[in-house]
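> Residues per chain, in single letters:
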Amino acid sequence: MSEALLYSEPEEELSAAVADLLADRAAWASVLARTESAEPYDTGLWKTLGGGIGVAGLLVPEELGGAGASLREAAVVAEELGKAVAPVPFLGNLTATALLLAARESGNGTAALADDLLRRIAAGEQTAAVAIPFSRSPDTTYRGKVSVTPWPPREDPHEARLTGRVTSVADALPADVLLVPADGSIYVVQAADAQRTPVTTLDMTRVLCDIEFDDAPGQMLAIGYAPLAQALLSAAAVLASEQLGLAEQCLKTTVEYVKTRHQFGRAVGSYQGLKHRLAQLWVQIAQARAVARYAVSTSGDEQVIAVAVAQAHCSAVAVQAAEECVQMHGGIGFTWEHPAHLYLKRAKSASIALGSPARHRRRLAELVDLPAS
Amino acid sequence: MSEALLYSEPEEELSAAVADLLADRAAWASVLARTESAEPYDTGLWKTLGGGIGVAGLLVPEELGGAGASLREAAVVAEELGKAVAPVPFLGNLTATALLLAARESGNGTAALADDLLRRIAAGEQTAAVAIPFSRSPDTTYRGKVSVTPWPPREDPHEARLTGRVTSVADALPADVLLVPADGSIYVVQAADAQRTPVTTLDMTRVLCDIEFDDAPGQMLAIGYAPLAQALLSAAAVLASEQLGLAEQCLKTTVEYVKTRHQFGRAVGSYQGLKHRLAQLWVQIAQARAVARYAVSTSGDEQVIAVAVAQAHCSAVAVQAAEECVQMHGGIGFTWEHPAHLYLKRAKSASIALGSPARHRRRLAELVDLPAS
Amino acid sequence: MPPLITQHDLENRIQDLLAAHDPGTTSRLDFLHARFDAGLAWLHYPPGLGGLGLPRGLQPVAEKAFAAAGAPDNEPQRIGIGLGMAAPTILGFGNDEQKQRWLRPLWCGEQVWCQLFSEPGAGSDLAALATRAVRDGEDWIVNGQKVWTSMAHEARWAILVARTDPDVPKHQGLTYFVLDMTAPGVEVRPLRQLTGEAEFNEVFLTDVRVPDGQRLGAVGEGWKVAQTTLMNERVAIGGGAAPRESGMIGVLASAWREQPEVRDPALHDRLLTLWVAAEAARLTAMRLSAQLAAGQPGPEGSAAKYAFASLNQQISGLELELLGEQGLRYDDWTMRRPETVSFVGRSPGYRYLRAKGNSIEGGTSEILLNIIAERVLGLPGEIRVDKDVAWKDLPR
Amino acid sequence: MPPLITQHDLENRIQDLLAAHDPGTTSRLDFLHARFDAGLAWLHYPPGLGGLGLPRGLQPVAEKAFAAAGAPDNEPQRIGIGLGMAAPTILGFGNDEQKQRWLRPLWCGEQVWCQLFSEPGAGSDLAALATRAVRDGEDWIVNGQKVWTSMAHEARWAILVARTDPDVPKHQGLTYFVLDMTAPGVEVRPLRQLTGEAEFNEVFLTDVRVPDGQRLGAVGEGWKVAQTTLMNERVAIGGGAAPRESGMIGVLASAWREQPEVRDPALHDRLLTLWVAAEAARLTAMRLSAQLAAGQPGPEGSAAKYAFASLNQQISGLELELLGEQGLRYDDWTMRRPETVSFVGRSPGYRYLRAKGNSIEGGTSEILLNIIAERVLGLPGEIRVDKDVAWKDLPR
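These protein sequences, in sequence, are chains A, B, C and D.
Numbering-wise (our numbering), the first sequence opens with residue 1 and increments by one.
Numbering-wise (our numbering), the second sequence opens with residue 1 and increments by one.
Numbering-wise (our numbering), the third sequence opens with residue 1 and increments by one.
Numbering-wise (our numbering), the fourth sequence opens with residue 1 and increments by one.
A portion of the hints provided could be inaccurate.
Stated by the list, open to error - A few chain A residues facing chain D, derived, Cβ under 7 Å:
1) 40
2) 41
3) 279
4) 282
Said to hold, decoys possible - The calculated lysine to any residue pairs, modelled on SDA-like cross-linking and capped at a C-alpha distance of 25 Å, are:
5) B:252 / D:121
6) D:305 / D:110
7) C:305 / A:329
8) B:259 / D:393
9) A:47 / A:163
10) B:259 / D:382
11) D:64 / D:110
12) D:224 / D:135
13) D:305 / B:8
14) C:99 / C:51
15) D:99 / D:19
16) D:305 / A:280
17) A:259 / C:362
18) A:252 / C:395
19) C:392 / C:165
20) A:145 / C:258
21) C:387 / D:156
22) A:259 / D:385
23) B:259 / D:383
24) B:252 / C:380
25) B:145 / D:329
26) B:252 / B:8
27) D:387 / B:8
28) D:387 / B:320
29) B:252 / D:99
30) B:259 / D:331
31) B:252 / C:258
32) A:259 / C:125
33) C:392 / A:256
34) D:392 / B:261
35) B:145 / D:382
36) A:252 / C:121
37) C:387 / D:394
Claimed, not checked - With the Cβ distance kept under 10 Å, some of the chain A side facing chain D (calculated, not the full set):
38) 24
39) 27
40) 280
By construction, these hints were calculated from the structure, which means they are not laboratory data.
As the structure is a prediction and not an experimental result, all values here were calculated from the model.
Note that the Cβ used here is the ideal one computed from N, Cα and C, for glycine as well.
Please model the complete structure; the sequences and the hints are all you need to start from.
Take a look at the structure:
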């Protein structure tokens with residue numbers, strides 16, 4: 001098992017390929033510039049990443065045109081995307097893919113519909129997202145505000161119509177297809193058939209939207225929300241690696257800065273107060289790497305524990321790293337023109353996303369039999 | 001109000017008198033030596049402090065021979081005792097005094113009995129303690145294991161007999177008189193009529209005992225436990241100042257040490273890592289002084305809040321100070337022959353005494369309307 | 001020496017002024033001019049410069065009386081830098097002509113002042129600053145870049161520290177000037193911060209001419225003069241007795257009370273820990289003001305600022321975590337120039353972001369801890385490698 | 001060069017040894033002697049010194065085979081300092097005679113070793129040590145005081161670093177010796193610690209004669225030799241894959257599960273935070289051992305020790321707080337000399353106190369953070385004022 005906590009050679013190659021592309025195409029200055037443009041997502045970059053390198057169809061089985069890879073490879077990609085706070089809908093698309101795979105395996109729905117979508121995703125033709133607030137944790141009993149008419153549905157479930165509203169959805173703005181939990185089942189809705197309103201988002205590099213469904217045509221994908229829970233669990237596991245990457249980048253940037261910034265005739269990185277804090281952060285990040293790797297290398301009940309641990313730990317580490325990055329850059333770190341704030345906003349948002357650390361600890365309490373009272 | 005947070009001139013004089021005496025009579029080496037002797041309490045010192053300087057009868061009204069002082073003066077004494085971790089039953093005796101005063105004012109008991117005891121305490125003839133586990137917080141609904149026979153008592157409540165057991169009682173070993181909550185009332189029992197067994201105590205300078213009552217004669221002092229709650233509140237207020245004194249002493253000792261201890265050709269106190277931690281500790285202690293002073297300068301409902309704040313804050317500060325004291329002394333701080341451990345043991349025990357910080361925060365939640373759920 | 005004016009005399013003078021210049025009919029500026037000329041502006045300043053040489057403690061008497069009479073004030077919020085930093089420095093180091101020229105329009109609010117001290121390369125280590133002033137006849141030619149300048153876009157005058165001799169150790173080569181912000185070569189650009197707003201400015205100085213008559217103190221004495229400015233900056237902190245649950249903790253406590261759905265029992269103890277910390281900070285500020293009132297100034301000012309920053313950051317961080325979905329959203333990223341900073345009335349995300357500045361602006365938390373460690377605890381200073389080296393040879 | 005021995009050859013040799021020396025009938029010491037002489041003791045050591053020059057990775061093969069056959073071991077716990085620190089140094093710097101003399105009885109456990117490095121004035125800054133060794137004919141005369149010496153009261157030999165030249169900078173004047181603990185002038189006193197026990201000793205050296213033949217390495221090369229010892233000390237950390245809830249967190253979790261009355265809901269989140277931290281530390285140790293196995297030694301060793309100390313202290317502190325009245329009591333203050341240290345089986349107070357040593361012994365947490373900051377992150381070292389100064393002129 002412990003070897004699984006390392007990176008395999010193919011994983012390192014994938015990581016390097018993504019890193020190279022991002023160095024070219026997602027330098028922080030362009031990421032920052034995009035936050036104030038009309039297109040908060042970099043669809044061009046996503047096309048190259050998704051279709052070119054094939055990260056969109058990473059989880060899709062080979063027979064459907066995908067890479068047939070596991071969460072481990074997805075995590076490696078997320079780590080690089082976290083380092084660049086790249087504005088691409090990788091996580092949302094991954095969540096949708098995981099949902100489609102779970103729906104397909106559950107046998108509780110329309111396998112052909114899932115297969116078809118997975119094929120399109122792998123081919124880079126379509127991007128999907130799950131229409132659920134980004135803050136929902138995997139263990140939440142979800143009760144949304146979208147309902148299906150007519151209910152019960154007619155014989156042909158393809159004829160369902162969805163009405164209602166979902167707020168603060170991640171990565172849905174650039175999506176072509178939405179997977180919508182509604183009235184206990186999951187439906188496929190074409191994004192064009194819903195009204196998406198961008199939200200002024202704390203994380204400027206992953207802009208949320210509110211979605212309004214007004215009698216939107218939907219095809220039933222699966223009965224029951226079990227695939228949703230599985231998808232959110234996968235997303236939370238991969239998000240931990242994104243947080244790891246973000247923390248690494250913040251530490252790296254900060255260490256570089258304090259080596260070159262001089263005050264009182266000395267590099268500020270020579271002062272023990274800062275050195276000890278950076279060393280402590282490094283310890284936290286080394287641990288984050290182990291827990292993040294573990295969360296994508298295990299399965300079943302053990303994965304549920306591992307993901308709760310990873311989310312509780314990595315969320316906190318990413319926030320700490322970003323906060324130290326701002327503080328140790330001093331005045332410049334507080335400005336708009338320095339990338340530190342992009343990381344701070346992403347880190348804080350990501351800690352809330354898919355359940356707060358406290359929420360994950362509460363879940364853990366049930367899993368490892370440590371009840372509150 | 002804010003002037004009350006300072007020390008008055010008489011308070012500073014009292015403080016200086018106690019400090020002088022302790023410098024003479026409670027140097028840490030002698031305090032350490034006593035911990036392994038047959039007499040863990042320094043009754044000689046207590047006699048001088050209690051009778052000589054008059055700290056035993058500090059709260060006792062002047063008409064009963066006491067100083068008629070308030071908790072503010074008691075707090076000043078506690079601060080000095082905390083600096084010296086002096087093995088005297090000041091806190092226990094103070095708690096008993098506060099209980100007697102509350103009983104006297106409640107009108108629910110035998111004022112003459114309380115008056116008589118208060119007179120003896122002020123005269124330095126007797127020392128009293130409350131027979132209750134040291135860990136009980138002021139807001140606990142107390143249910144002890146001592147019962148009164150016969151029940152209901154005969155006409156003359158002086159004829160009550162007490163049977164049962166109280167564990168982990170502070171400052172009862174050197175006491176002459178015990179105030180015992182039992183079956184909803186409070187009784188006065190001569191210490192000689194109970195069986196006191198010393199406990200191997202974490203805090204070696206405030207040794208607890210277990211007390212066994214076997215048909216021990218008791219006189220009823222008050223009906224109801226209201227005076228007990230008031231006494232414990234006063235004790236908790238004063239304990240905060242003891243914790244403040246302890247923290248001050250730990251910081252002082254540590255600062256002196258790191259100025260003189262050289263490693264790598266420099267005083268270790270010149271390294272910013274240690275400097276920042278010591279500065280943070282100083283900030284905490286400056287705050288502890290304000291909250292500790294406030295806790296003994298207010299009354300009524302406001303005092304209940306102030307004491308909860310003071311206990312939550314000062315407990316943590318004292319533990320932090322003692323832990324830093326051990327750590328920053330390095331190897332020597334880990335040995336038996338250095339006083340740091342006396343402070344560490346006192347600080348950790350005091351944080352548990354009269355309710356843990358978490359317990360006080362929970363109480364606060366009720367008081368300031370911030371319910372858990 | 002004239003006999004000391006009593007409080008009674010003072011009250012009489014105020015009433016005389018109010019009688020002669022009815023606030024109801026006198027224009028705002030006329031009234032302020034009259035108040036200044038009567039020595040009733042800053043009472044502890046010397047006669048002829050807006051004061052009467054009285055103890056500072058009497059100032060509230062005047063403020064109360066004028067407020068009660070409905071007299072206009074000089075908008076101290078808007079001209080804080082002038083009042084708090086420029087004026088004491090001019091008073092301390094200016095010659096008579098300079099005092100006469102600048103103090104009256106400063107106090108009356110006719111001329112706003114700003115401070116040109118910090119530079120991109122000189123923050124905590126202000127004395128390392130690189131802006132150069134070179135003598136040219138009766139003028140100095142100034143070149144350089146200043147940063148974190150509040151009010152620069154509204155200011156008429158600036159206090160400026162510049163390097164006049166790069167060949168001596170850094171503290172020795174500085175000179176202090178007053179700079180006309182309308183002079184050619186002064187360019188002010190808003191400095192946007194991570195909240196989206198721009199409270200501050202960058203100021204670029206290109207061949208700006210400053211007459212030698214606008215120098216404060218001797219050439220090479222700029223560091224000493226700047227100390228007066230900076231000491232006066234710190235006096236303001238402390239603030240006195242705010243009510244319980246003032247500030248950020250009040251916002252969080254209200255959210256907890258009023259939105260039961262955000263109450264996470266797992267975070268209850270953390271909420272209360274912060275509540276206790278905020279209450280402790282409040283009581284400490286109360287104690288500090290009592291100490292100051294009793295003439296026992298303590299070093300708690302640095303501690304208060306340090307604790308305030310740390311608390312604000314923790315409280316706002318917890319608020320976002322509690323709010324969940326609501327915490328993922330922001331109110332407005334538009335570039336704006338706010339008049340004042342307030343943590344309330346904006347979104348929780350704004351509070352979280354803005355609080356990050358509290359441990360940087362006006363002395364970083366690291367510098368404050370150094371000050372406490374060295375000045376209060378007497379711990380040894382850092383080993384200094386820059387004391388005896390010519391400024392131009394320092395690593396940068 | 002002889003051809004490399006394969007695992008198959010190795011297994012054959014082991015079976016041959018077991019056949020020739022039946023563990024059931026051979027005395028313990030005879031068996032260990034035979035194992036050493038067959039080169040089956042520490043396989044990576046050279047032939048003739050208990051090994052066969054094999055890769056370290058084969059050692060578990062031998063250990064498993066001997067254990068399966070019921071053969072006695074050399075009680076590695078008891079002789080850890082000899083095995084882990086003295087032996088590699090003797091191997092690296094000893095001459096043939098020294099290797100022959102010391103390694104066999106060391107490995108076989110006939111002679112216990114201890115380490116005389118730290119001094120009251122030289123802890124983190126070991127190179128500042130003051131114990132003097134002065135040449136006297138073929139001997140050295142040693143005077144000084146050493147501290148924190150485990151096993152000194154049972155040891156026959158000690159590895160010792162002493163100062164042979166006080167007139168050169170501190171790292172240059174040290175020499176490394178092997179000292180006979182039974183020699184006249186060696187006095188061992190137990191060093192009692194705050195738990196009441198004495199795990200360690202102080203060792204006083206008064207005119208102790210050490211023959212020059214017991215010197216390891218050249219005169220003045222002691223610091224270099226000591227590095228070998230210290231590097232080998234750190235290798236041990238990391239430990240590999242312990243099961244979940246190993247160590248202190250398991251004790252706390254059990255208390256929470258088994259004593260519902262100690263469950264304070266306010267501290268539930270703190271318990272879980274520590275549980276997560278312990279699990280993170282466990283997974284990190286697993287990852288570290290995988291890295292080591294894959295030949296990617298990482299600097300996580302220092303990090304693991306740092307995290308371990310911090311965790312133990314936080315967990316034991318919370319345990320006491322939870323236990324309330326029970327936490328006020330202790331089990332035993334009697335001065336004792338424990339054989340090994342274990343956090344379980346003693347009272348919570350013992351755990352709390354003993355854990356305080358975790359951040360001091362074997363490298364303080366501050367030193368570990370320095371190591372990470374400088375060696376891993378590449379941050380600049382502290383400014384050194386002691387590098388070029390003669391030892392005798394250093395401030396102390």
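> I'd like to know which numbered hints this structure contradicts. Please list them from smallest to largest.
When the structure is compared with the hints, numbers 1, 2, 6, 9, 13, 15, 21, 27, 28, 29, 30, 31, 35, 38, 39 turn out to be violated.
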